[in-house]
Every structure is written in C-alpha cells, then in structure tokens.
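Undergrad: Quick mapping for you: the protein sequence lines, in order, are chains A and B.
Residues in the first sequence are numbered consecutively from 1, following my numbering.
Residues in the second sequence are numbered consecutively from 1, following my numbering.
It should be emphasised that the hints constitute simulated quantities derived from the structure, not laboratory data.
Please note: incorrect hints may appear among the correct ones.
[What the hints assert, rightly or not] Here are the simulated DSBU-like cross-link-like pairs (lysine-lysine), alpha carbons at most 30 Å apart as the crow flies:
| hint | chain 1 | residue 1 | chain 2 | residue 2 |
| --- | --- | --- | --- | --- |
| 1 | B | K21 | B | K106 |
| 2 | B | K21 | B | K127 |
| 3 | A | K66 | A | K111 |
| 4 | B | K127 | A | K66 |
| 5 | A | K66 | A | K143 |
| 6 | B | K125 | A | K143 |
| 7 | A | K66 | A | K360 |
| 8 | B | K106 | A | K143 |
| 9 | A | K86 | A | K10 |
| 10 | A | K26 | A | K111 |
| 11 | A | K340 | A | K10 |
| 12 | A | K111 | B | K127 |
| 13 | B | K133 | A | K111 |
| 14 | A | K86 | A | K66 |
| 15 | A | K86 | A | K26 |
| 16 | A | K143 | B | K133 |
| 17 | B | K106 | B | K133 |
| 18 | A | K86 | B | K106 |
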Amino acid sequence: MSYVAIKGGKAAIDGAASATEYLRSKGSLQEPLSLAMIEEQLRLLTSRVVSEGGLYHPRLAALALKQFQGDTLEAAFALRAYRSTKPRLLESPVQDTANMRCIRRISSAFKEVPGGQYLGATYDYALRLLQLDLAHEDPAAFKAVAQSFLRDTPDAELPDNFPKVIDSLRAEGLLPPVAPSRAAAFDITRDPLVFPVPRSAALATMARAETGGLLAMAYSNMRGYGDVHPTVAELRVGYLPVMLPHPVTGELMEAGEVLITECEVVAMYEGSNGDELPTFTLGYGACFGHNEVKAISMAILDRALQKGMRDGPGNPSEDPEFVLLHVDGVDSMGFASHYKMPHYVTFQSDMDRLRTTQQKMQQKSQEETA
Amino acid sequence: MNIPRNEWAVALCAMPAAEVKHLANVLSGELEVRDVALPHAGLGLLNLRDGAFEESYFIGEIPVARAEVIVRSAAGVEERGGALIVDDRAQFARSIAILDAVMAGKLPGSVPAMALVQRGMAVRKQKDSERKKLLTATRVDFSLLGQEDDEDEE
Numbered sequence: 001m002s003y004v005a006i007k008g009g010k011a012a013i014d015g016a017a018s019a020t021e022y023l024r025s026k027g028s029l030q031e032p033l034s035l036a037m038i039e040e041q042l043r044l045l046t047s048r049v050v051s052e053g054g055l056y057h058p059r060l061a062a063l064a065l066k067q068f069q070g071d072t073l074e075a076a077f078a079l080r081a082y083r084s085t086k087p088r089l090l091e092s093p094v095q096d097t098a099n100m101r102c103i104r105r106i107s108s109a110f111k112e113v114p115g116g117q118y119l120g121a122t123y124d125y126a127l128r129l130l131q132l133d134l135a136h137e138d139p140a141a142f143k144a145v146a147q148s149f150l151r152d153t154p155d156a157e158l159p160d161n162f163p164k165v166i167d168s169l170r171a172e173g174l175l176p177p178v179a180p181s182r183a184a185a186f187d188i189t190r191d192p193l194v195f196p197v198p199r200s201a202a203l204a205t206m207a208r209a210e211t212g213g214l215l216a217m218a219y220s221n222m223r224g225y226g227d228v229h230p231t232v233a234e235l236r237v238g239y240l241p242v243m244l245p246h247p248v249t250g251e252l253m254e255a256g257e258v259l260i261t262e263c264e265v266v267a268m269y270e271g272s273n274g275d276e277l278p279t280f281t282l283g284y285g286a287c288f289g290h291n292e293v294k295a296i297s298m299a300i301l302d303r304a305l306q307k308g309m310r311d312g313p314g315n316p317s318e319d320p321e322f323v324l325l326h327v328d329g330v331d332s333m334g335f336a337s338h339y340k341m342p343h344y345v346t347f348q349s350d351m352d353r354l355r356t357t358q359q360k361m362q363q364k365s366q367e368e369t370a
Numbered sequence: 001m002n003i004p005r006n007e008w009a010v011a012l013c014a015m016p017a018a019e020v021k022h023l024a025n026v027l028s029g030e031l032e033v034r035d036v037a038l039p040h041a042g043l044g045l046l047n048l049r050d051g052a053f054e055e056s057y058f059i060g061e062i063p064v065a066r067a068e069v070i071v072r073s074a075a076g077v078e079e080r081g082g083a084l085i086v087d088d089r090a091q092f093a094r095s096i097a098i099l100d101a102v103m104a105g106k107l108p109g110s111v112p113a114m115a116l117v118q119r120g121m122a123v124r125k126q127k128d129s130e131r132k133k134l135l136t137a138t139r140v141d142f143s144l145l146g147q148e149d150d151e152d153e154e
C-alpha cells in the first residue's frame, strides 16, 4: 500500500478541524454541553464509551463524546489513546462481584430469587412512544423530578448486596462444579491474541468489545447458528467497590467504585461423562457501565465459545478467532475508516492493470474476427 | 462514631476535593510533611472473578492515584500515611495521605480531619439511601392476584 505526499494538505486538514468545530457550535441559542449533562442525562451513552474504551472514567468518556459529537467509536478510540499515555500502577486483587451494590437485579429463571427482584431504572416495560413533552422541557420541572422521586419513595431496610442466583442452582448440583483456574488472567492490553487463547482473554476482549458487534455475533447464535438457548439466571447492575491495599497497612480498603453490568446465563444441559451427572452449562458476561444488551450478548458468546474451544466451532459464534478478532470497535472502525485515506498509487495500479487487460482482450477479439 | 482507617480514604473522596486539599494544606503549614514517594497517578488493571466459573479476568482499567507521606508534629511524633484511590488526581491523593497520617497518629489536626471523614461518611450514606430507593420503588411483587389485598379491590 502506498500513500503520496501532496501540497496543501495541512491547510485542508486544519480547515476540516475548524469546520467540525463550526458544526458543533453553530446556532446562537445553544449553550455548550457540560460534561455533567452528558454523564448524567446521556448516562447509557457514557456507559458504552467507558466499556468500549476499556477505561472506567465516566468524566473523560463524557468529554470524548462531546469532542467527537456523539460518535461512540471515536470516543472509545480517544479513551484508548488517553489510557496508552498513562503508566500502569497496579493490578488489582481479584474483586468479587457478589459485593456489588445493586441498583437493578432481575432473573428470568425464577420468580422468587433470594433477596427479591428489583427492576431498577429500565425501559423494559416502557412503551416505545415518543414523549413529545421532552422537546420543550421546563428546567424547573426537570429539576423537580429527582427531588419528588426521592421524597415520595420511602426508605426501606435493604441489604447492601445480594446473593448470586446461580449459587442456589450450584448448591442443588444443577451446575458444573467450580474449578478455579490458577493461571494468571490474560492482559489483552499488553499481549496479542494468539490462538488458542485462554477464556480470560476471551472475557477481557468481549468486555471492551463494541456493543453492536458483540450483539450481531450473539444474535446469529440466538437465531439458529448455534444452540445456546439461554435463560438469564441473573442480570444485575450496580456499583462494585474496588478493594485495594492501603499503602501503609496493606489492609484491603475501598478505594472507589465502578458501575458494572453483569449477566449469568444458564444454557442447555450437557450429557454425562461416565459417572458424572448431567448439568446445565453456563455463560458469563460483564462490562463497565450500564449496558444490558452487551452483558447478555457476552454471556451467550462466552457459552458458545466454551463449546467451540472444547469441541471445535460448529458455527461462526463458536469460533474464538472469528468472534474475538471482529468485535473490537476501535480495530474495526479503524480498518473501515482507513479506506477513506488516499489510495492513489494502489488504485492507479489497479486502473493500469484493468486497462491492460481490456486492451489485450480487445486485441484478441480483433485478431479472432480478422 | 469510630470509623476504621480502611474507610477514611473513601469517605474523604466523597467530599469536595477543594475542602480536603484546603485542610491538608492548613495542616501542612503546622506539621512537617515528607513524601515517601512522589504522588503519582496512572491506571490500574481491574481483576474480576467471573460469576460462572470463578476464573479471574480483566474487565478493563481504572484511574488510580497514590501517595505516601510521613508527617511529623512539632513535638517530634511521626506517623506514616497513605492513599490509594480510584481517581486521577495525584495531589488529591497526597492530601488524603496527609490526613490519613494525622488521624492515624492522632497528631494535631486529627479532630477536624476526622470531622471531615464523618461528613464524607454521611454523604456516602445519603448516596446509598438514594440508590436503595431505586430498588424500593421497583421491587417486583410476584404474589398472585387475589392472594393478597390489592388496589383492584378498592
């Protein structure tokens, strides 16, 4: 592939930057968006960027969304670029998501799950009708919404965290036993994926995958190019306290928290080998932020990839190489975008070859008719 | 209220950074503060245990800031303090480390520092209460219609 240097490129590129900023700011009545507005009012968009950027920094994700005018792929790219300039200070101890402070917790497997089900903030049961009054929202009424919710909702004694639904299934012997791997988790930010890869590499790759890409792969499995047939044992959204060692005492202390979405799916049971009883199979998904479609898609693909890693892939969603090398938004967007770059030399070569081929065919045709 | 040391940092993080820095600056004027290592900010790789098979994997990175100091009072009493927080402000971490040392050693200034921690705990408690309201308002009642009194009977 060849590129050519041209005169005047810098002026055009500077002009493009100005034109982009012009479109962002045009309109005399507009106020610039504050980062808090983006982070809070477009919280699900911010969630996409923190997970696809692979860095839990909601404020910078909001900044990236502002800078790139709502483009989630570019925003995630900017977050990844930012993280590449920062030193790695630590690797955290293993965090247990059972400690999540849930703000939403549901199960489609059981009605009466230990601790109860809580819908939290969701559009699951909302009509998909445009709420036209939001087009001219009164600022005073807007501010009153949160106040009235807090005022009108009674305080209740609730636990800080909830037991995992799959723990009860496991206690009944309906799930495969846990055999924790002692292998260190794979760091996809430092090491390239060379197949076969461990499951930890697959989970890390999917945790920062592009939502739409991951959904497309999982959807192919749901529609029939696969046999996962999942049931959501538990979907939870909440704040996970990050436990790090105190620099002086070494004792684990809460250093902050991250919002995550986590999903465990129970899938088709598998036959026994020898004396072992059959059990359900499991899939797991989790990502930064509030992004349920992504967590569910990841859980389905985790289950599909486990089968593919064990028995060989029977369809695309069970093929680790196919899935893991095609779900990253920054990678795939970069490849697609590079086609916009000048390919003058390679295309000139293509044209030369085409003309030569046409000339040869015309010459041959003339010779045959002569 | 006796708040354990491993909750001081997160309580201080709940307070406005300017307030924490201001108190640390005031105390630094009265005490001798030495950095054990320069405060720094960077990233931490977050290691999670997956809920299905309990294998560990990295979900992504988090910003972390770290500081460690030795604080010495006019009376010659020394105490070591530290902070490691999910944040990208190194100087904020240093301020917390100073207060950590002051409170751990009960050095002059530990009373206002602990008051700040207590206010931070109150902020956290309030936030916790607000989050729980999201659950309270949306708890699903699976009892069958007619099994219990419901609004349809009124």
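Undergrad: Would you mind marking each hint as holding or not holding in the structure?
TA: Hints and how they fare:
Distance hint between K21/B and K106/B is fulfilled; the C-alpha atoms sit about 19 Å from each other, no more than 30 Å. For the hint pairing K21/B with K127/B, the CA-to-CA distance comes to about 22 Å; that is within 30 Å, so the pair holds. Between the alpha carbons of K66/A and K111/A the distance comes to roughly 41 Å, so the proposed pair goes past 30 Å and is violated. Distance hint between K127/B and K66/A is fulfilled; the C-alpha atoms sit about 27 Å from each other, no more than 30 Å.
Simply put, K66/A and K143/A have alpha-carbon atoms about 23 Å apart, close enough for the 30 Å limit, and the pair holds. Between K125/B and K143/A the CA atoms are separated by roughly 22 Å; this keeps the pair inside 30 Å, and the hint holds. Between K66/A and K360/A, the direct Cα distance comes to roughly 55 Å. Violation of the 30 Å bound is thereby established for this hinted pair. Between K106/B and K143/A, the direct Cα distance comes to roughly 43 Å. Violation of the 30 Å bound is thereby established for this hinted pair.
At roughly 29 Å between alpha-carbon atoms, K86/A and K10/A fall within 30 Å of each other, so this suggested pair holds. Of the pairs offered as hints, the one joining K26/A and K111/A is violated, with about 52 Å between alpha carbons and a cut-off of 30 Å exceeded. The hinted pair formed by K340/A and K10/A meets the criterion: a straight-line CA distance of about 17 Å does not exceed 30 Å. Between the alpha carbons of K111/A and K127/B the distance comes to roughly 29 Å, so the proposed pair stays at or under 30 Å and holds.
In summary, the hint linking K133/B to K111/A is supported, as the alpha carbons are separated by about 21 Å, within the 30 Å threshold. Pair hint K86/A plus K66/A holds up; C-alpha atoms about 22 Å apart against a cutoff of 30 Å. In summary, the hint linking K86/A to K26/A is not supported, as the alpha carbons are separated by about 34 Å, beyond the 30 Å threshold. Annotation: proposed proximity of K143/A to K133/B holds, straight-line Cα distance about 18 Å (limit 30 Å).
Restraint check for K106/B and K133/B: not satisfied, since their Cα atoms lie roughly 38 Å apart, outside the 30 Å limit. Annotation: proposed proximity of K86/A to K106/B is violated, straight-line Cα distance about 36 Å (limit 30 Å).
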